[in-house]
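Throw the hints in and build the complete structure from the sequences for me.
Each chain is listed here by its residues.
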Amino acid sequence: GAVVSQHPSRVICKSGTSVKIECRSLDFQATTMFWYRQFPKQSLMLMATSNEGSKATYEQGVEKDKFLINHASLTLSTLTVTSAHPEDSSFYICSASPGINQPQHFGDGTRLSIL
Amino acid sequence: RKEVEQDPGPFNVPEGATVAFNCTYSNSASQSFFWYRQDCRKEPKLLMSVYSSGNEDGRFTAQLNRASQYISLLIRDSKLSDSATYLCVAMKTSYDKVIFGPGTSLSVIP
Chain A
1 GAVVSQHPSR VICKSGTSVK IECRSLDFQA TTMFWYRQFP KQSLMLMATS
51 NEGSKATYEQ GVEKDKFLIN HASLTLSTLT VTSAHPEDSS FYICSASPGI
101 NQPQHFGDGT RLSIL
Chain B
1 RKEVEQDPGP FNVPEGATVA FNCTYSNSAS QSFFWYRQDC RKEPKLLMSV
51 YSSGNEDGRF TAQLNRASQY ISLLIRDSKL SDSATYLCVA MKTSYDKVIF
101 GPGTSLSVIP
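As given, the protein sequences belong to chains A and B, one line each in that order.
Numbering-wise, my numbering puts 92 at position 92 of the first sequence, and it's gapless, one number per residue.
Numbering-wise, my numbering puts 28 at position 28 of the second sequence, and it's gapless, one number per residue.
Derived from the structure by calculation, the hints contain no laboratory data.
Fair warning: there could be bad hints in the mix.
Keeping only pairs whose Cα atoms sit at most 16 Å apart, straight-line, the calculated EDC-like set for lysine to aspartate or glutamate is [as the list claims (entries may be wrong)]:
(1) K45(B) <-> D108(A)
(2) K97(B) <-> E52(A)
(3) K2(B) <-> E59(A)
Calculated Cβ distances over 12 Å to all of chain B for the following chain A residues [said to hold, decoys possible]:
(4) C13
(5) S15
(6) G16
(7) T17
(8) S18
(9) V19
(10) K20
(11) L26
(12) K41
(13) P103
(14) L115
For every residue, glycine included, the Cβ atom is placed at its ideal position computed from N, Cα and C.
Shown next as structure tokens:
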């Protein structure tokens with residue numbers, strides 16, 4: 001089945017550090033990938049839609065300069081949390097679909113902790 | 001109006017019980033429907049697609065009612081391992097962004 005790989009799975013770093021998270025579709029190409037964030041005991045919140053070869057589309061309230069998205073190939077999207085602060089600590093998850101009317105498959109998620 | 005609405009629960013049921021969840025969706029143009037389960041501190045995993053004619057996968061049965069714009073999930077003979085949050089998804093195409101609701105929390109009790 002379709003596999004989406006996310007790396008790293010866990011990051012702990014100091015405030016002010018920038019953190020890059022990778023999302024790869026391993027056995028299919030994805031022109032679109034999605035990035036979500038989930039705080040404890042809350043719903044998955046869509047942050048942005050990553051579009052291969054063009055700019056990402058951000059949801060209302062998500063700062064594009066804070067959360068840089070690059071989708072340089074059909075199998076890789078990256079999310080960079082720039083100058084991360086403790087309030088950015090969260091569970092970040094990506095997803096992609098192998099084709100039209102196919103379900104989204106999720107990466108394992110990245111648990112980010114900013115000290 | 002939210003794209004999907006679910007009763008967040010929690011549903012606390014004994015092992016062996018049958019439990020049903022409903023989910024309503026707002027976009028009548030939705031074409032693809034899915035149920036996911038999410039375990040605590042994990043990513044959502046696809047449980048099953050939902051087809052117009054209804055479909056079954058072992059103890060799980062999913063149904064779609066387009067006229068009323070809701071989908072349902074029935075779990076028979078609940079197991080402890082079924083404890084999770086269940087998320088429904090309704091999309092026009094798989095390239096549409098997916099807005100999740102809070103999901104429905106299920107706890108199966110010994």
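Taking the earlier hints as the rules, which of them does this structure contradict?
Going through the list in order, the structure violates hints 12 and 13 and respects the others.
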